[in-house]
Amino acid sequence: MTEPLNSQELQDRFSLIENMIAEGRRTTESWGWTFVFWGVAYLVAIAWSSWGPKAFLAWPVTMIAATLLMCARIAAQRRRKPEKQPDTTLGRAIFSVWVTTGMAMFLLLIFLSMSGRFDWHVFIAVVCALLGLANAASSLILKWNTQFGCAVFWWGAMAAACFGSDRIAIAALLVTIFVCQIVFGVYCMVLEAREREATHA
Amino acid sequence: MIHGKLRLALLSLLVGVEEAEFTWLRAKTGSTDGNLGAQLLKLEEAGYVTVEKKFVNKKPQTTYRITEAGRQSLAEYVRAIKQLLGSAMDA
Numbered sequence: 001m002t003e004p005l006n007s008q009e010l011q012d013r014f015s016l017i018e019n020m021i022a023e024g025r026r027t028t029e030s031w032g033w034t035f036v037f038w039g040v041a042y043l044v045a046i047a048w049s050s051w052g053p054k055a056f057l058a059w060p061v062t063m064i065a066a067t068l069l070m071c072a073r074i075a076a077q078r079r080r081k082p083e084k085q086p087d088t089t090l091g092r093a094i095f096s097v098w099v100t101t102g103m104a105m106f107l108l109l110i111f112l113s114m115s116g117r118f119d120w121h122v123f124i125a126v127v128c129a130l131l132g133l134a135n136a137a138s139s140l141i142l143k144w145n146t147q148f149g150c151a152v153f154w155w156g157a158m159a160a161a162c163f164g165s166d167r168i169a170i171a172a173l174l175v176t177i178f179v180c181q182i183v184f185g186v187y188c189m190v191l192e193a194r195e196r197e198a199t200h201a
Numbered sequence: 202m203i204h205g206k207l208r209l210a211l212l213s214l215l216v217g218v219e220e221a222e223f224t225w226l227r228a229k230t231g232s233t234d235g236n237l238g239a240q241l242l243k244l245e246e247a248g249y250v251t252v253e254k255k256f257v258n259k260k261p262q263t264t265y266r267i268t269e270a271g272r273q274s275l276a277e278y279v280r281a282i283k284q285l286l287g288s289a290m291d292a
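Residue numbers (the numbering used here), protein chains in the order written: chain H, 1 to 201; chain V, 202 to 292.
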C-alpha cells in the first residue's frame, strides 16, 4: 500500500474486491428454460412412441431435433450479447455434468432401440437414474437443496419403474417429468428473472 | 501495484473466471479502452496476468488470464486490508 487509507476507504476497497469477484462469477445466461424445453421434448417423445406412427423413431428423432433446437437457441442467445460471458470453473463443472448425462442417455436410447432389447421398465429406470444423478451432482456443486429434491424425485421414479406395474412406471415418469422439468424449470426462470431485475435495479 | 482501483477491480474480476475478453472487462469496469489497456499492460508487466491475442471469425480477440502471482498478490492485499480494518475497528 502506497498511501495511508482511512477506515472508510479500506471498506470501499474491500467492497470493490467482493463486488468484482461476484460480478465475474455472475452468469447472465438463462438455463431455466432448458428444463421446460426438455420436459416438453420427453412428453412429445412419450406421446409419439405411445400413439404415433413408426414408434421406434420417436425417441431418437425427438431427442436429435431437441438437441439441434437447443444448440440453435443457445447460439442465438450468445450472438445477441455484445461481450462473451467468460467461463468459470463452476459453470464448466455444471455444463460437463449435463452434457455427459445427455450423451449417455442418447447412446443408451440408440443402442437399446437398435439391439431390440428395449424394455419400458429398464428404460424408465435407467433414464430416471441418470437424470437423478445429473440433478444431484449439479445440486451438490451449486449447494442447492431444491435441485437435490428433484434428484430424489427422479430416483423415486426409478424405484417405481423397477418395482411397479407398467401403469405405475409410466405414471411415475410422467409425474416426475412434470414436477422436475416443467415446474422446476418455471421456478428457475422466475428466479433468473428476479436476479435480472435485481441486477438492473 | 494492485492498489490502483482499476487494477484491483481487474484482478478481482479475473480471479473468478478462467479467462476474460477485453470487451467483457471493459463492460464490467466501465473504463475507456485506453485506460483499460494501460492498466492491463501494467498488470501483464508485473506478471499478474497473461494475454492472448487471436482471431475469431476474422475478428481480433484479446483474452486475459490471472497468473498464480496475481492470485497471491490479490490474496495478500485482501489479508492486509482485513488486518488494517481490524486494527481500525480496535482503535
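No lab work stands behind these hints, which were simulated from the structure alone.
Among these hints, one or two may not hold up.
[What the hints assert, rightly or not] Straight-line Cα separation of at most 30 Å, DSBU-like style, residue types lysine-lysine; simulated pairs:
(1) V/K243 - V/K259
(2) V/K229 - V/K259
(3) H/K54 - H/K143
(4) V/K283 - V/K260
(5) V/K243 - H/K84
(6) V/K243 - V/K229
(7) H/K143 - V/K255
(8) V/K283 - V/K243
(9) V/K283 - V/K259
(10) V/K255 - V/K283
(11) V/K206 - V/K283
(12) H/K84 - V/K260
(13) V/K206 - V/K259
(14) V/K254 - V/K243
(15) V/K229 - V/K283
(16) V/K260 - H/K143
(17) H/K84 - V/K283
(18) V/K243 - H/K143
(19) V/K260 - V/K243
(20) V/K254 - H/K143
(21) V/K206 - V/K255
(22) V/K254 - V/K206
(23) V/K229 - H/K143
(24) H/K143 - V/K259
(25) V/K255 - V/K243
(26) V/K254 - V/K283
Against the structure, the hints:
no.	hint	in the structure
1	V/K243 - V/K259	holds, 28 Å
2	V/K229 - V/K259	holds, 25 Å
3	H/K54 - H/K143	violated, 43 Å
4	V/K283 - V/K260	violated, 43 Å
5	V/K243 - H/K84	holds, 24 Å
6	V/K243 - V/K229	holds, 19 Å
7	H/K143 - V/K255	violated, 37 Å
8	V/K283 - V/K243	holds, 25 Å
9	V/K283 - V/K259	violated, 46 Å
10	V/K255 - V/K283	violated, 39 Å
11	V/K206 - V/K283	holds, 17 Å
12	H/K84 - V/K260	holds, 13 Å
13	V/K206 - V/K259	violated, 34 Å
14	V/K254 - V/K243	holds, 17 Å
15	V/K229 - V/K283	holds, 25 Å
16	V/K260 - H/K143	violated, 39 Å
17	H/K84 - V/K283	violated, 33 Å
18	V/K243 - H/K143	violated, 38 Å
19	V/K260 - V/K243	holds, 25 Å
20	V/K254 - H/K143	violated, 36 Å
21	V/K206 - V/K255	holds, 28 Å
22	V/K254 - V/K206	holds, 25 Å
23	V/K229 - H/K143	holds, 26 Å
24	H/K143 - V/K259	violated, 40 Å
25	V/K255 - V/K243	holds, 20 Å
26	V/K254 - V/K283	violated, 36 Å
Hint violations for this structure: numbers 3, 4, 7, 9, 10, 13, 16, 17, 18, 20, 24 and 26, all remaining hints satisfied.
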